[in-house]
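Could you slot chain S onto chain P? The hints should help.
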Amino acid sequence: MTRRVPSRSDDSTRRGFGEDGSTLIEVLVALLIAAGAVFVLIGGMSALFTNSFQNRESTTAGVVVRDYAEQLDVAVAEASVAAATNGTFWCAPSYTVAYTAPAGYVVGGTGLCPANTATTPQWETVTVTATTPNGATETLKVVVRQT
Amino acid sequence: MTTRRRRRARGEDGAALELALIFLSATSVIVASLLGFAGTSSQATVVTRTARGSDYDADGAMQADIAIIRVSGSCTSFTTGMPALNNPSAPVWVGCTLFAGPASQRHVVLSVCFTPVTTQCSDTSALLRAEVIFYDAPTFGASLSIQSWSNQ
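One line per chain: the protein sequences are P and S, in this order.
Read the first sequence against the numbering used here and you will find it ends at 147, with the numbers running on by one and no gaps.
Read the second sequence against the numbering used here and you will find it ends at 299, with the numbers running on by one and no gaps.
FYI, nobody ran anything at the bench for these hints, they're computed from the structure.
For each residue, glycine too, the CB sits at the ideal point set by N, CA and C.
Wrong hints could be hidden among the right ones.
Derived contacts from chain P toward chain S, CB cut-off under 10 Å, selection only [as the list claims (entries may be wrong)]:
{"id": "1", "residue": "Thr23"}
{"id": "2", "residue": "Val38"}
{"id": "3", "residue": "Thr119"}
{"id": "4", "residue": "Thr127"}
{"id": "5", "residue": "Thr129"}
{"id": "6", "residue": "Leu140"}
In isolation and in its complexed conformation, chain P is listed as follows (with noise of 0.2 Å):
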């Protein structure tokens, strides 16, 4: 009974069928598993910038919204106890205000006067809208009447 003494290409042919390669498979499905959450990261990454980006553009236009709307207020006082000395209506359809938008954004506000009768209640709806640099609109309703 000779007992076979295995050779150094037996053993590579053994080798070649075993388990080698499998390193190799396990690092390309590690590495595309890793691709992927790469881009799902990337993709969510981008999307909260996008969505920071529309919440602070949003929430700075409710901002000159409102203080558009403030400023309204004194302008339609002002407005009110000129024509009330002038003897003219006191209601418009839009008033100077003063106030400054930041940059890129464009504000402005209109309205639908009432008649202009002793009997009819003498209050306006002034719609004002504020516009961000991309084109995103803040919309605040607002109420005047005369002083």
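Frame of chain P, contents of chain S only:
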């Protein structure tokens, strides 16, 4: 064979896959938490906008009711016809209470609260309260004076 299996279990085969899975899990947790943070921020923006709208609706209803009482002469409470402008889903109600005053004057207390309300708003539910004096001389509703204006 046993020796070989033990050696494999303690080796580094499969470590890359495990690391990738750990990386994937960590990434998922980070992205989920950041998206949650962004979602909270968006909700806060919406809530702020709604609160601001209700503030201006209450203010507008009060201004309109003052203008109406000024020319009508009656202490009028309104549910409909008031400008629920910014939050139509949350209409407001304006209550008016008349107090005795000198001749040619009308002293009223107005309060605004969310509907449904059928009587004067309580202090705790009022969004806005104002005390107003209307002067009816030399002409009816000639002028008015706001004595107090308090938000909740």
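- Item | Index of numbered hints that the structure contradicts, given in increasing order | Number 5 only.
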